[in-house]
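Below are the chains, spelled out letter by letter.
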Amino acid sequence: MPLHTPLYDSHLAAGARMVDFSGWEMPIHYGSQIEEHHAVRRDAGMFDVSHMCALDLAGPDARGWLRRLLANDVAKLTTPGKALYSCLLNEAGGIIDDLIVYFFTAEHYRIVVNAGTAEKDIAWMQAQLAGFKAQLTQRRSGANALAMIAVQGPNARERFWTAFPASRAATEALGVFQAAEWRLPLSPVASPAAERGENWLIARTGYTGEDGFEITLPATDAAQTWRKLLDAGIKPCGLGARDTLRLEAGMNLYGQDMDEDISPYEAGLKWTVDLKDVARDFIGKSALAGKDARQVRNQFAGLLLLDRGVLRAHQKVITQQGAGEITSGTFSPSLNQSIALARLPVDVRIGNEVEVEIRDKRLRARVVKPSFVRNGQSLL
Amino acid sequence: MNTPANLKYAASHEWARLDADGTVTIGITDHAQEALGDIVFLDLPAVGRVVKAGDECAVVESVKAASDIYSPVSGEVVDINQTAADAPESVNADAYAAWLFRIKPTDSADCKAELDGLLDAAAYGATL
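So the protein lines, in turn, are chains A and B. Every letter in the first sequence is one number past the one before it in our numbering, and letter 108, counting from 1, is 347. Every letter in the second sequence is one number past the one before it in our numbering, and letter 64, counting from 1, is 77.
Keep in mind that the hints were calculated from the coordinates and are not lab data. Glycine included, C-beta positions come from ideal geometry on N, C-alpha and C. It cannot be assumed that every hint is accurate.
Chain B residues, not near chain A, derived (Cβ > 12 Å throughout) [to be verified]:
hint	residue
1	D32
2	V53
3	E89
In silico lysine-lysine, DSSO-like type, Cα no more than 30 Å apart, as pairs [claimed, not checked]:
hint	chain 1	residue 1	chain 2	residue 2
4	B	K65	A	K600
5	A	K524	A	K608
6	B	K125	A	K600
7	A	K608	A	K555
8	A	K524	A	K509
9	A	K555	A	K321
From just these sequences and the hints, can you work out the full model?
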């Protein structure tokens with residue numbers, strides 16, 4: 240039995256082509272993946288990301304526990320609503336998942352993890368909670384379930400404010416990776432959740448390389464919110480466009496560019512491992528410190544295909560320094576050529592020309608930094 | 014779904030048309046283009062290549078995935094649609110106009126048997 244988000248009927252009504260994603264029946268596109276991609280780069284698009292799992296963490300040990308659990312350090316979060324991207328590591332330094340954690344107080348955080356890994360993550364987190372005074376509550380299902388909608392693009396915030404003018408004051412000054420709580424006014428939109436006093440969380444975050452918001456709201460508000468965003472001219476976008484957008488932005492996808500056998504150092508995520516506080520002992524820290532030989536063997540890089548074709552995951556990359564592998568590849572609608580993220584031997588340099596095995600051919604590609612398009616502009 | 018009555022269809026979603034000059038023109042069906050989504054690259058065979066019915070002969074790549082295209086008949090590739098290769102989205106726009114390649118049958122009697130073994134529009138439509 241496939242799982243459905245609170246917006247399932249909205250997707251069907253919008254003519255979505257639905258596919259399975261980690262057990263969830265989700266829209267892959269609503270007609271044209273490329274048009275949806277361009278809508279986000281040039282105007283505004285929205286994604287149902289309610290299949291991702293929000294977790295609420297509360298208790299006197301919340302902060303201390305997260306400093307032990309995560310490779311990034313939540314101690315740097317001091318402003319309510321401030322968000323942090325981090326890897327969740329196992330003892331061997333492998334990546335169990337990547338996630339975003341929002342700070343409210345030192346005793347209250349919200350964590351958002353990937354759809355397909357949520358059960359595994361929760362089991363791991365519950366096991367690590369032993370001895371800590373804090374409770375973890377999942378918010379993806381049940382009476383207090385939350386929905387998540389990402390509105391992304393250069394005009395996304397303006398269009399969101401057109402749909403919800405009363406939210407502007409609370410969210411206009413938000414910096415990047417900063418969120419604010421907001422309550423839907425009781426009038427003119429009837430919201431049982433607002434009547435119960437439940438807040439939305441509006442965060443200036445995303446997974447596309449464009450400006451915008453990710454809105455976490457009570458599931459009971461989801462369908463009417465989606466409708467109002469549609470009326471404000473925000474184009475529904477499926478998981479297909481989400482993948483090409485994140486790949487152009489050089490953002491990793493869990494399960495594809497990284498997994499439990501890969502450390503953050505091999506996934507281009509060294510910047511998320513915070514070693515500044517030498518007294519802090521997070522899970523995976525000692526393994527990372529002892530894994531120097533492995534750390535330096537591979538690097539995470541981008542590839543730009545010079546010949547015609549399409550790069551895909553698991554294709555072999557041939558370099559003068561040895562073989563590498565593509566972890567994610569696609570056709571870039573913004574650049575009108577194929578791009579990929581790849582793990583390559585560490586001595587390969589940005590600008591080198593390499594070859595990729597595609598079926599019976601070897602095609603030429605150039606090694607570039609693993610970030611291709613941001614804020615509508617090519618970075619090449 | 015659009016399945017013109019004058020074409021023959023393979024279960025693997027190619028269409029074939031026997032032309033007056035005895036060659037067979039091959040493309041992918043409207044259902045196939047719709048399932049693939051936005052098509053961005055056509056990897057077409059070399060002219061002169063000799064194929065057997067059922068051989069992989071071309072690859073159609075959408076943003077989402079690569080899909081092998083099989084020749085429904087045996088013969089020699091005598092022409093490829095370079096116009097479609099230069100504008101792969103034309104296959105999405107009209108999968109029956111944007112043909113992929115043309116085969117000159119090795120043997121016209123064998124070719125007739127191969128074409129007779131394909132589905133007609135109604136039978137193909139019933140598989141969708």
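Task: K524 of chain A paired with K608 of chain A [C-alpha distance capped at 30 Å] - done: Measuring from Cα to Cα gives roughly 27 Å; hence the hint holds.
Task: Minimum Cβ distance from V53 of chain B to chain A greater than 12 Å, as the annotation requires - done: violated (4 Å)
Open item on the list: Just to be careful, I want the Cα atoms of K555 of chain A and K321 of chain A compared with a cutoff of 30 Å; is the pair within it?
Closed with: With a Cα-Cα distance of about 40 Å, the restraint between K555 of chain A and K321 of chain A is violated, given a limit of 30 Å.
Open item on the list: So if I understand the rule, the pair passes when the alpha-carbon distance is 30 Å or less; does K125 of chain B with K600 of chain A pass?
Closed with: With Cα atoms ~34 Å apart, K125 of chain B and K600 of chain A exceed 30 Å; violated.
TODO: Starting from K608 of chain A, check that the Cα of K555 of chain A is at most 30 Å away, please.
DONE: Status holds; Cα separation ~19 Å.
Open item on the list: Run the distance test for K524 of chain A versus K509 of chain A: straight-line Cα separation, threshold 30 Å.
Closed with: Judged against 30 Å, a Cα distance of about 12 Å means the pair holds.
Task: Given hint K600 of chain A paired with K65 of chain B - CA-CA distance at most 30 Å - done: Holds: K65 of chain B and K600 of chain A sit about 21 Å apart, inside 30 Å.
- [ ] Say whether it holds or is violated: D32 of chain B keeps its Cβ farther than 12 Å from all Cβ of chain A.
- [x] holds (28 Å)
Task: Whether E89 of chain B stays farther than 12 Å from all C-beta atoms of chain A, as the label says - done: holds (19 Å)
Hint violations for this structure: numbers 2, 6, 9, all remaining hints satisfied.
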